[in-house]
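Residues per chain, in single letters:
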Amino acid sequence: SQELEQSPQSLIVQEGKNLTINCTSSKTLYGLYWYKQKYGEGLIFLMMLQKGGEEKSHEKITAKLDEKKQQSSLHITASQPSHAGIYLCGAAPRLGSYGKLTFGQGTILTVHP
Amino acid sequence: GAVVSQHPSWVICKSGTSVKIECRSLDFQATTMFWYRQFPKQSLMLMATSNEGSKATYEQGVEKDKFLINHASLTLSTLTVTSAHPEDSSFYICSARDDGGTDQETQYFGPGTRLLVL
Chain A
4 SQELEQSPQS LIVQEGKNLT INCTSSKTLY GLYWYKQKYG EGLIFLMMLQ
54 KGGEEKSHEK ITAKLDEKKQ QSSLHITASQ PSHAGIYLCG AAPRLGSYGK
104 LTFGQGTILT VHP
Chain B
-8 GAVVSQHPSW VICKSGTSVK IECRSLDFQA TTMFWYRQFP KQSLMLMATS
42 NEGSKATYEQ GVEKDKFLIN HASLTLSTLT VTSAHPEDSS FYICSARDDG
92 GTDQETQYFG PGTRLLVL
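Same order as they appear, the protein sequences are chains A and B. For the first sequence, the positions run 4 to 116 when the working numbering is used. For the second sequence, the positions run -8 to 109 when the working numbering is used.
Accuracy of the hints is not assured; some may be wrong.
Pairs of lysine-lysine, DSS-like flavour, derived with a Cα cap of 27 Å [to be verified]: (1) LYS46/B to LYS41/A; (2) LYS57/B to LYS103/A; (3) LYS55/B to LYS20/A; (4) LYS20/A to LYS30/A; (5) LYS103/A to LYS55/B; (6) LYS32/B to LYS39/A; (7) LYS41/A to LYS71/A; (8) LYS103/A to LYS5/B; (9) LYS55/B to LYS5/B; (10) LYS103/A to LYS11/B.
Pairwise CB distance ranges (calculated) [as the list claims (entries may be wrong)]: (11) GLU58/A to LYS5/B: 47 to 53 Å; (12) ASN25/A to PHE30/B: 43 to 49 Å; (13) GLU58/A to LEU107/B: 40 to 46 Å; (14) GLY91/B to ILE47/A: 18 to 24 Å; (15) LYS59/A to LYS57/B: 38 to 44 Å; (16) VAL(-6)/B to ARG97/A: 27 to 33 Å; (17) GLY19/A to LYS57/B: 44 to 50 Å; (18) CYS4/B to ASP69/A: 43 to 49 Å; (19) PRO102/B to PRO84/A: 17 to 23 Å; (20) HIS76/B to LYS71/A: 41 to 47 Å; (21) GLN12/A to ARG105/B: 40 to 46 Å; (22) CYS4/B to GLN17/A: 40 to 46 Å.
Stretch-level coverage of chain A by chain B, calculated; a stretch enters the list once three of its residues show a Cβ under 8 Å from a Cβ in chain B [to be verified]: (23) 38 to 46; (24) 104 to 115.
Calculated directly from the structure, the hints in this document are not laboratory data. Glycine included, each C-beta is placed from N, C-alpha and C at the ideal position.
My request is simple: use the sequences and hints to build the entire structure.
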């Protein structure tokens, strides 16, 4: 089965600082999702990457998928307290199985004003 | 974006009772929905795939007789936790894929249902 490892497990930054969260897979990623979750709440979809080398941005958040499709990074520029939460990467186990996601353990982000 | 709702948002029940959780796609049709479970400070784990008009498929280790899934329409899937016990206390989240969306790989998650079994 596919395993996803996120790093760091937790991150505390000062408002305005940039930060990066990594997600590494033991197998090829056919679809890599990034979600944000407030503890005890549902998931907010951020981005989905499929192609090697793909990069997507939404507001101050940029996600990349490496060429080998085994690692993704999420970068937040000029972080704000509103960025705080748990960031989860999720992966589809194989081509076409986009609903059955395996998730990483999550990265807890705290942004101090 | 597309919206998925869950009802109830939280429920407290006595051990031995059954609890039904609904997952609805509000503005799109979803042939397939997914049920996840999240224990405190852990990540989401896929429990089962709910298929409209056919039987659900369960992940290894998930008891199908305990977690009954019914996907009676293209906008509604229900998860019933039968004879709930304290170890079933968890956060249950559903997701759905828009059948008619342009980005059919996008999963939309519900807000979750917190279950506490006393």
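Broken hints, by number: 1, 3, 4, 7, 8, 12, 21
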